[in-house]
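Those protein sequences? They're chains A and B, same order as listed.
Following the working numbering, the numbering of the first sequence begins with 6 at its first residue and continues without gaps.
Following the working numbering, the numbering of the second sequence begins with 474 at its first residue and continues without gaps.
Since the hints were derived computationally from the structure, they do not count as laboratory data.
Some clues are possibly wrong.
[Stated by the list, open to error] According to the in silico footprint, chain B covers these stretches of chain A (three or more CB under 8 Å from chain B):
1) 68-78
2) 93-105
3) 173-185
[Unchecked claim] Under 10 Å between C-beta atoms, here's a sample of chain B residues computed to sit facing chain A:
4) Asn581
5) Pro584
6) Thr590
[Unchecked claim] In silico BS3-like cross-links for lysine-lysine, where the CA-CA straight-line distance does not exceed 27 Å:
7) B/Lys533 x A/Lys161
8) B/Lys528 x B/Lys556
9) B/Lys582 x A/Lys163
10) A/Lys51 x B/Lys639
11) A/Lys51 x B/Lys608
12) A/Lys50 x B/Lys529
13) B/Lys608 x A/Lys161
14) B/Lys561 x B/Lys672
15) B/Lys582 x A/Lys161
16) B/Lys641 x A/Lys51
17) A/Lys163 x B/Lys529
18) B/Lys608 x A/Lys50
19) B/Lys478 x A/Lys28
20) A/Lys28 x B/Lys533
21) B/Lys672 x A/Lys50
22) B/Lys747 x B/Lys478
23) A/Lys243 x A/Lys278
24) B/Lys528 x A/Lys163
25) A/Lys163 x B/Lys533
Even for Gly, the Cβ is constructed at its ideal location relative to N, Cα and C.
The residues making up each chain are set out below.
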Amino acid sequence: MNIENKIATRQSYGEALTDLGEKNSNIVVLDADLSNATKTNIFAKKYPNRFINVGIAEQNMMGIAAGLATYGKIPYVSTFAVFAAGRAYDQIRNSICYPNLNVKICATHAGVTVGEDGATHQMLEDLSLMRTLPNMTVISPSDDTQTKWVIEEISKIKSPVYVRLARPATPVIYEKNQKFEIGKGIQHGTGTDATIFATGVTVAEALKAQEELEKQGVHVRVVDMFSIKPIDKEIIVKCAKETKKIITVEDHSIIGGLGSSVCEVLSEEYPVKVERMGIKDAFGKSGKAEELLSYFKIDKNAIIETLLS
Amino acid sequence: MKITKVEALENIANEIRIGIIEQVYNAQSGHPGGSLSCADILAVLYFNQMNIDPKKPEAKERDRFVLSKGHCSPALYATLAQKGYFSKDLLKSFRKLDSNLQGHPDINKVPGVDMTTGSLGQGLSVSVGMAISSKMESAGFRVYCLVGDGEIEEGQIWEAVMSASKNKLDNLCVILDHNGLQIDGKVEDVGGLIEIKEKFESFGFNVIEVDGHNIESLIYAFNSAKQKKEMPSVIIANTIKGKGVSFMENEVSWHGKAPNEEQYKQAISELKLKHFANN
Numbered sequence: 006m007n008i009e010n011k012i013a014t015r016q017s018y019g020e021a022l023t024d025l026g027e028k029n030s031n032i033v034v035l036d037a038d039l040s041n042a043t044k045t046n047i048f049a050k051k052y053p054n055r056f057i058n059v060g061i062a063e064q065n066m067m068g069i070a071a072g073l074a075t076y077g078k079i080p081y082v083s084t085f086a087v088f089a090a091g092r093a094y095d096q097i098r099n100s101i102c103y104p105n106l107n108v109k110i111c112a113t114h115a116g117v118t119v120g121e122d123g124a125t126h127q128m129l130e131d132l133s134l135m136r137t138l139p140n141m142t143v144i145s146p147s148d149d150t151q152t153k154w155v156i157e158e159i160s161k162i163k164s165p166v167y168v169r170l171a172r173p174a175t176p177v178i179y180e181k182n183q184k185f186e187i188g189k190g191i192q193h194g195t196g197t198d199a200t201i202f203a204t205g206v207t208v209a210e211a212l213k214a215q216e217e218l219e220k221q222g223v224h225v226r227v228v229d230m231f232s233i234k235p236i237d238k239e240i241i242v243k244c245a246k247e248t249k250k251i252i253t254v255e256d257h258s259i260i261g262g263l264g265s266s267v268c269e270v271l272s273e274e275y276p277v278k279v280e281r282m283g284i285k286d287a288f289g290k291s292g293k294a295e296e297l298l299s300y301f302k303i304d305k306n307a308i309i310e311t312l313l314s
Numbered sequence: 474m475k476i477t478k479v480e481a482l483e484n485i486a487n488e489i490r491i492g493i494i495e496q497v498y499n500a501q502s503g504h505p506g507g508s509l510s511c512a513d514i515l516a517v518l519y520f521n522q523m524n525i526d527p528k529k530p531e532a533k534e535r536d537r538f539v540l541s542k543g544h545c546s547p548a549l550y551a552t553l554a555q556k557g558y559f560s561k562d563l564l565k566s567f568r569k570l571d572s573n574l575q576g577h578p579d580i581n582k583v584p585g586v587d588m589t590t591g592s593l594g595q596g597l598s599v600s601v602g603m604a605i606s607s608k609m610e611s612a613g614f615r616v617y618c619l620v621g622d623g624e625i626e627e628g629q630i631w632e633a634v635m636s637a638s639k640n641k642l643d644n645l646c647v648i649l650d651h652n653g654l655q656i657d658g659k660v661e662d663v664g665g666l667i668e669i670k671e672k673f674e675s676f677g678f679n680v681i682e683v684d685g686h687n688i689e690s691l692i693y694a695f696n697s698a699k700q701k702k703e704m705p706s707v708i709i710a711n712t713i714k715g716k717g718v719s720f721m722e723n724e725v726s727w728h729g730k731a732p733n734e735e736q737y738k739q740a741i742s743e744l745k746l747k748h749f750a751n752n
């Protein structure tokens, strides 16, 4: 990981989507008046005839996407996570997931790292809401390389997918030739003192913490759990068996997200103590992204503190 | 095959009504009132208007029908059975465990059902998406979407209406089953829904108002909607909730209630008499 080379996953999304549009003429993109922020504007510029801006009407957008999918189109739908998974939840449930329609919901600006906009715009419950829906696949990529792979890969799955993307630029973690598989976590290091399960923007924080802890003689491994559903049970159990301590860290509520997913697996397969780092049953607040990561104790320093305590 | 004779279509509508009563009675559950009010509309759509083939329910270029007021599934199921998508025997399984005829229509379970619906206000957005597909691919098919008047209290309907108008979807025809009643009373009292025609007109729709139980008027309205270019149409079909069964007509209590044996027998005999009169 080169911490100097930073790209926001929403930017990676916009670029990957445009490349995908060239390869597959069935790709259509919908946005709800946020195309400059979600980066679907890159696609819109190149393929104006396959881009639909529905205006500020997220519920309608989900329904239109469902209608396009019934005809065989592959709609990629974007808005902020709070308006996708939150405002249009019932439309995603009843018009997309229940009929199992091939709609890709790529939601940007998830988590407290939205920053200055504050609580109303910081979606902390989307992983929880989306993973309870039958037929839904839930992906939370951690960097540019992974996001680009995910955006193309999900076009091959004929069912609904929710992709959680972030606003701020974060380090590029993976080389271009990195292999990914949906449903498989990616293990970084083999330390046995602890496992840090992370997802999205917190993967880079965990990797930074790992490096510093190493200097202090604490050997931890980090697992990038970009696939929230399906979840990689195997790697969770394996790490629980091989390491002394388990922590999870996410820019999401500790209720229902990655932490809960890991706990669900371990309570059934290999019960051990788990410490869940995340937003602890609270709404977000205004501030800079990095200040909020620190305030809510989900940054590098908080991870180090937790592991040394 | 397109049926043009008014009496024949009236008889089909009557058959659909009998099917509705049979289903709701057998299940001892379901929504007879709003199903009966849209039977004539469905008869005209499926037997006179739509370009469909029950032998090819997945045909790419077929016209689509979305029952946005999904609780009126007995009307849709009876229509599809009548049209030959599946056997009428299946209607007996309506709302029962392991039946494909779920309480609300399921696109993956029933041939001829073009969209899963049930949560009100969602079917019109889906229809807009279908109509956009047709335009994008120059596929030429039309999309029909039946909404209830209570249903259009949902805000999403007006989001979809705005989109239909913006995209000049002249291949989209909305039919409003305007029976004036919703579960808790009259639509103007419960949700404050008034000036429906003006609302649709101001959103850029071609509005056609008809007697929703008059077959000739319905045929005229659908044909007239087809002629309109560059804008979507809505047919405001003025109907009677519970139409065809004397004690259900305009009785809000029959929105979602099943008849008992005596009521069932009376309803069927009334409908059969009508059929006889027509022959």
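Results of checking the hints against the structure:
1. 68-78: Contact hint for the stretch 68-78 of chain A vs chain B: holds, 11 residues under 8 Å.
2. 93-105: Holds, because 8 residues of the stretch 93-105 of chain A bring their Cβ atoms closer than 8 Å to Cβ atoms of chain B.
3. 173-185: Result for this restraint: violated, n = 0.
4. Asn581: With a closest approach of 6 Å, the B/Asn581 hint holds.
5. Pro584: violated (14 Å)
6. Thr590: holds (8 Å)
7. B/Lys533 x A/Lys161: holds (21 Å)
8. B/Lys528 x B/Lys556: The hint holds at about 10 Å.
9. B/Lys582 x A/Lys163: holds (18 Å)
10. A/Lys51 x B/Lys639: holds (22 Å)
11. A/Lys51 x B/Lys608: holds (20 Å)
12. A/Lys50 x B/Lys529: The given pair, whose Cα atoms are some 38 Å apart, is violated under the 27 Å limit.
13. B/Lys608 x A/Lys161: holds (25 Å)
14. B/Lys561 x B/Lys672: Cα-Cα ~40 Å, so violated.
15. B/Lys582 x A/Lys161: holds (24 Å)
16. B/Lys641 x A/Lys51: Judged against 27 Å, a Cα distance of about 23 Å means the pair holds.
17. A/Lys163 x B/Lys529: The given pair, whose Cα atoms are some 22 Å apart, holds under the 27 Å limit.
18. B/Lys608 x A/Lys50: Judged against 27 Å, a Cα distance of about 20 Å means the pair holds.
19. B/Lys478 x A/Lys28: violated (51 Å)
20. A/Lys28 x B/Lys533: Judged against 27 Å, a Cα distance of about 23 Å means the pair holds.
21. B/Lys672 x A/Lys50: Given that 27 Å is the threshold and the Cα spacing comes to 34 Å, the pair is violated.
22. B/Lys747 x B/Lys478: holds (17 Å)
23. A/Lys243 x A/Lys278: holds (15 Å)
24. B/Lys528 x A/Lys163: Answer holds: B/Lys528 to A/Lys163 is near 25 Å, not above 27 Å.
25. A/Lys163 x B/Lys533: holds (18 Å)
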